[in-house]
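Protein chains: 4
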Amino acid sequence: MKDINVAIVGGSGYTGGELIRLLKFHPHVNINQITSRKHAGKKVSDLHPNLQDVDLKFTDVDDIDADVIFSALPHGVSMNIIPDLLENGSKVIDLSGDFRFNDIDTYEKWYGIEHKYPDLKAVFGLPEINRELIKDANLIANPGCFPTGAILSSLPLVQDKLVDHLIIDSKTGVSGAGVTPTNVTHYPICADNVAPYAVGTHRHMPEIQEQLRSFGNYDVNVSFTPHLVPVTRGILTTNHSFLKDDSLTTDDIYELYLKKYADELFVKVLDDNNIPSLNSIRGSNYCHIGGINIDENGHLVVISAIDNLVKGASGQAIQNMNIICGFDENESLKHLGLYP
Amino acid sequence: MKDINVAIVGGSGYTGGELIRLLKFHPHVNINQITSRKHAGKKVSDLHPNLQDVDLKFTDVDDIDADVIFSALPHGVSMNIIPDLLENGSKVIDLSGDFRFNDIDTYEKWYGIEHKYPDLKAVFGLPEINRELIKDANLIANPGCFPTGAILSSLPLVQDKLVDHLIIDSKTGVSGAGVTPTNVTHYPICADNVAPYAVGTHRHMPEIQEQLRSFGNYDVNVSFTPHLVPVTRGILTTNHSFLKDDSLTTDDIYELYLKKYADELFVKVLDDNNIPSLNSIRGSNYCHIGGINIDENGHLVVISAIDNLVKGASGQAIQNMNIICGFDENESLKHLGLYP
Amino acid sequence: MKDINVAIVGGSGYTGGELIRLLKFHPHVNINQITSRKHAGKKVSDLHPNLQDVDLKFTDVDDIDADVIFSALPHGVSMNIIPDLLENGSKVIDLSGDFRFNDIDTYEKWYGIEHKYPDLKAVFGLPEINRELIKDANLIANPGCFPTGAILSSLPLVQDKLVDHLIIDSKTGVSGAGVTPTNVTHYPICADNVAPYAVGTHRHMPEIQEQLRSFGNYDVNVSFTPHLVPVTRGILTTNHSFLKDDSLTTDDIYELYLKKYADELFVKVLDDNNIPSLNSIRGSNYCHIGGINIDENGHLVVISAIDNLVKGASGQAIQNMNIICGFDENESLKHLGLYP
Amino acid sequence: MKDINVAIVGGSGYTGGELIRLLKFHPHVNINQITSRKHAGKKVSDLHPNLQDVDLKFTDVDDIDADVIFSALPHGVSMNIIPDLLENGSKVIDLSGDFRFNDIDTYEKWYGIEHKYPDLKAVFGLPEINRELIKDANLIANPGCFPTGAILSSLPLVQDKLVDHLIIDSKTGVSGAGVTPTNVTHYPICADNVAPYAVGTHRHMPEIQEQLRSFGNYDVNVSFTPHLVPVTRGILTTNHSFLKDDSLTTDDIYELYLKKYADELFVKVLDDNNIPSLNSIRGSNYCHIGGINIDENGHLVVISAIDNLVKGASGQAIQNMNIICGFDENESLKHLGLYP
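Chains as they are written, first to last, in this note's numbering: chain V, 1 to 340; chain F, 1 to 340; chain A, 1 to 340; chain C, 1 to 340.
Don't read these hints as lab results, they were simulated from the structure. Even glycine gets a Cβ: it sits at the ideal position worked out from N, Cα and C. Please note: incorrect hints may appear among the correct ones.
Pairwise CB distance ranges (calculated) [to be verified]: (1) Asp-272/C to Asp-53/F: 44 to 52 angstroms; (2) Asp-271/C to Asp-65/A: 50 to 58 angstroms; (3) Leu-248/A to Thr-106/C: 50 to 58 angstroms; (4) Lys-38/C to Asn-80/F: 52 to 60 angstroms; (5) Asp-119/A to Asn-217/C: 53 to 61 angstroms; (6) Pro-83/V to Asn-80/A: 49 to 57 angstroms; (7) Tyr-197/A to Gly-76/V: 49 to 57 angstroms; (8) Lys-43/V to Leu-248/A: 49 to 57 angstroms; (9) Asp-65/A to Lys-161/F: 22 to 30 angstroms; (10) Thr-182/F to Asp-65/A: 31 to 39 angstroms.
A partial selection of chain A residues facing chain F, derived with a Cβ cut-off under 10 angstroms [to be verified]: (11) Arg-21; (12) His-28; (13) His-48; (14) Lys-116.
Please take these sequences and the hints and turn them into a complete structure.
Below, the structure written as structure tokens:
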């Protein structure tokens with residue numbers, strides 16, 4: 001397999017930094033461009049001080065030419081540049097929300113902007129549901145961080161239409177809010193705190209719901225409540241539901257998960273149904289699942305843990321690239337979590 | 001009102017320290033004894049380094065004589081000493097779980113021990129439901145930390161029988177685990193982490209359920225999932241449910257909460273239904289409620305925030321003492337939260 | 001003593017919030033105005049969510065009339081309004097750096113701005129050195145947060161001219177950076193991190209040095225290195241030096257500190273020379289001192305701990321107000337630290 | 001180069017976990033044994049939940065046979081097993097303090113135990129001073145975490161005998177205290193706190209001093225003050241001193257560091273003398289150096305940052321293994337820091 005060139009558009013944020021960190025030693029990849037309109041000319045290590053050994057400077061956004069292009073631009077901005085990149089023959093993996101929705105009305109309602117390219121369709125880049133489609137895709141919509149954790153915790157339930165309504169209670173690290181300081185990410189405010197936000201109004205809700213409805217082929221409902229917790233990386237998803245069939249046991253459900261993910265490289269259903277936590281997947285592309293339990297009132301819990309910047313963003317984007325390019329799916333993603 | 005003497009039994013832990021911190025400047029209270037079998041003879045400030053100005057030593061547990069006695073002993077231990085204290089004519093406020101259950105079978109099932117005094121009944125010391133009973137009580141079972149946050153977030157719903165099942169997803173600070181170091185409370189493990197635990201098996205579930213069933217006078221079900229978060233103090237409760245009457249709006253529910261708690265000193269339903277967070281009630285006896293929302297799928301969220309060591313333990317115990325003794329209910333509890 | 005009216009100018013920041021939190025239950029004080037040009041008209045609790053029970057709105061900065069006025073404005077801004085306030089007969093306690101320097105050249109060099117009122121002199125409001133002068137002052141320059149911890153850890157050494165050079169290595173909580181979010185205070189950057197900054201260039205260095213030279217009446221040198229640590233409140237000062245007289249022992253120095261601070265309400269030299277830490281003084285006006293040690297190479301360490309927002313700012317400002325007004329020096333400042 | 005077998009003795013702690021995390025994908029290494037007397041028979045992932053893909057169980061300590069053996073046992077225990085391992089022909093890299101001292105009296109004084117093998121000499125495994133000796137060593141004493149950061153921040157100063165006394169003020173993450181929970185590592189105590197400890201009495205002081213005296217060939221003095229900070233990984237070292245030659249400038253010293261470390265793979269003197277911080281080296285084997293400054297009072301600061309579990313322990317041990325075995329020195333150590 002010969003080398004490919006990749007470019008990262010909008011590389012000054014956390015997902016940009018993670019793409020570089022992970023791709024730096026990819027045996028088949030050459031990073032030939034990292035753009036940042038704002039920081040063009042600066043060394044990459046000026047913004048990503050962990051990347052002292054990366055000898056590259058940010059460039060402006062013109063003349064991007066690469067086999068695979070990662071767009072780490074914000075939604076609304078990303079959609080503007082992607083059609084041209086595709087026309088030039090590049091494969092594009094978009095980390096924004098712009099092409100995640102099949103239903104454009106849903107996108108426009110929840111994102112509050114008009115979609116300029118409603119006819120341009122992407123493959124939703126969650127390998128655990130779309131691996132075959134990803135292989136031949138030119139445009140990947142890389143899933144949102146919350147949806148990655150939520151959907152992976154739900155697939156076996158939805159596949160067999162076992163539930164009507166999923167209540168997703170998610171706890172996210174602060175890096176999910178991005179690189180720009182705000183009141184919400186100010187250390188004295190978010191340290192030693194738990195802050196629910198966007199209660200009932202977060203745009204990852206319709207993303208989860210559309211994907212699960214498509215996957216399960218029925219109108220499963222999703223409710224979603226995110227919480228900001230004093231953690232840098234990670235999303236812990238607590239998935240609450242009631243089974244339609246009350247004869248199913250905790251063991252039955254656990255077996256369902258084991259079977260579903262038996263061949264997945266990055267989704268680990270924990271031995272003995274152990275409970276996942278964020279400290280075990282930090283910095284890695286793994287999703288841990290466990291803590292499955294049906295209580296005496298018939299209520300089911302399933303828990304998943306991911307690193308929002310890796311499996312929830314840049315790691316998954318590289319996983320998609322590996323699939324597209326025919327590389328080993330875990331190439332440059334073999335890092336084990338940093339524990340403690 | 002003349003002064004009273006109080007004693008704290010089992011005063012070396014965090015709830016003991018909080019009782020002293022809060023009672024130190026109570027105008028009607030003299031702390032005349034703080035016991036600790038293990039640390040008898042040591043200065044109180046050796047274990048509670050914030051209490052440099054408290055000139056008291058721990059004593060052994062014998063000869064406790066006070067008008068009001070706080071027991072901060074563990075469950076199973078607390079029940080052994082309380083009958084004698086009551087017989088001596090003291091009022092007792094028990095911070096353990098030993099006397100919280102009306103149904104002794106439930107206690108014995110969930111705590112895994114035999115109850116030695118099944119006929120000794122206490123008043124469940126949540127002033128917001130039992131204020132009148134507390135006034136005349138000799139024995140108060142001070143509520144658990146999770147139940148305090150969970151019940152206060154549920155009362156208006158249960159009072160009007162609006163819901164059949166409450167899904168309580170709680171996030172607790174690590175001080176709730178007490179003063180003894182364990183693997184779970186080891187800094188490298190619980191920092192930068194979210195760790196669900198006791199999924200479906202936590203003994204605060206039946207406490208919440210028994211109280212809500214008694215208060216609402218119907219068989220409401222409760223499911224409870226606790227999470228350990230990297231916070232020192234605080235419990236953030238996310239209360240998920242579905243209304244039986246789908247004509248009710250978010251505003252209707254918000255009004256219900258406003259009305260229910262209008263006269264409460266310590267329960268604040270936030271203006272404009274703002275979302276509570278832990279950093280606003282740190283160190284105080286307040287419970288903040290807000291973030292009330294019904295989403296497009298008919299799912300209701302209500303959020304509450306308390307300091308687990310204050311409203312969730314020692315502050316509430318002092319509130320109970322104030323009610324019993326006829327002091328102002330907020331005497332020595334006027335502290336505003338430490339923010340940031 | 002009859003009640004006084006106080007105003008807080010620039011009350012939307014952390015020191016403003018702390019002034020309100022602490023003054024709210026002061027028996028002799030009525031807060032009659034809190035100004036914020038930016039937030040005029042908003043409720044105080046909109047910016048300080050811990051102050052739900054404070055029924056006040058921010059006003060604009062005009063027509064300030066109070067017996068005592070706290071200025072919590074930034075340096076450079078504060079100096080502009082103070083002369084008029086004094087002329088109206090108010091006592092002013094300025095929390096900025098504008099009037100802390102006797103030597104105006106030093107101020108102008110380190111703050112990089114021209115001083116408009118070089119002839120207006122304030123009393124440096126550290127009660128432990130200037131209590132008598134404070135009683136009669138009209139204008140108090142409230143000390144900086146680092147200088148408070150550094151000077152209190154140095155006084156006994158400088159009083160007896162025991163050292164020529166003090167190396168102050170300070171670790172500060174992030175609330176010291178104020179209420180405005182920046183890259184430096186962004187949670188993902190400052191969590192799980194230690195970040196030295198302003199190495200050799202921080203303007204609290206000349207403040208410490210001027211005060212110690214004035215107090216000791218000799219040219220003691222000060223070097224100062226601040227570090228940002230993932231803590232919300234607190235400054236831990238590690239004071240390194242070499243004694244000129246190498247016959248002095250650790251015990252001698254410890255005795256010197258005990259004697260110096262024997263009558264101080266808020267400076268506690270810890271029993272048995274225990275080592276201070278930030279968790280014991282959180283939210284309180286105390287300064288803990290201890291950990292005094294001379295090693296086998298003749299190097300002396302002294303450690304102090306304060307809450308930067310209380311003894312390092314608003315608590316000390318209230319202490320100064322109490323002294324000026326003849327109230328008990330610890331009125332409304334009796335809070336014990338929040339531990340844990 | 002053909003594969004080697006390695007064993008890890010005492011693999012249940014954090015340094016054991018790090019050795020496995022880093023060695024897992026080393027192209028020339030096969031981990032054939034991981035011992036733990038206490039946990040023999042358990043899966044490695046039961047104790048290191050990040051290592052789900054490591055299919056190994058802990059064994060008892062008998063019959064260890066490997067080309068290279070890492071001992072991650074505590075000091076005092078490690079020394080007992082090492083002579084036999086050496087006799088069997090294995091190379092041994094000891095992560096304890098047992099063989100770090102050339103002067104046995106110093107060891108016995110500071111560690112408080114008798115050394116059983118005073119004649120068995122190891123090479124102090126800091127490649128930046130002993131690379132040539134390491135190549136041929138059979139026994140490596142892997143440096144302590146504090147000494148690694150302190151020595152690397154001092155070498156250029158000591159090499160040219162520029163200073164007489166180094167004042168090392170270090171801030172360490174809590175993982176340095178190991179895997180066993182104690183009061184000191186209890187989350188509610190060490191979160192939101194800075195805690196100096198072992199002031200003037202920490203046994204890494206003589207380790208630093210002996211190494212610097214040997215390297216510089218003169219009697220340089222070292223004073224050392226460690227602080228526990230609420231960080232999981234990392235040691236930030238602030239190195240204070242006074243230059244004997246006061247004509248030297250900050251630029252001169254910066255150039256000295258640049259030159260000294262120009263060819264080192266893992267020691268990075270930051271561009272433009274930027275200030276290091278812990279978040280840039282997390283999880284990596286890098287040591288960042290910078291923030292070099294001489295203030296107006298002639299006081300010099302140099303700052304270094306390492307990950308205590310990697311360059312301060314397991315990463316450096318693998319670096320030593322690579323040198324001994326003739327592998328690329330950075331094999332399996334190319335990880336960039338996890339930022340944020």
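Review point. Which of the stated hints cannot be reconciled with the structure, identified by number in ascending sequence?
Key: 3, 4, 7, 9, 10, 12 and 14
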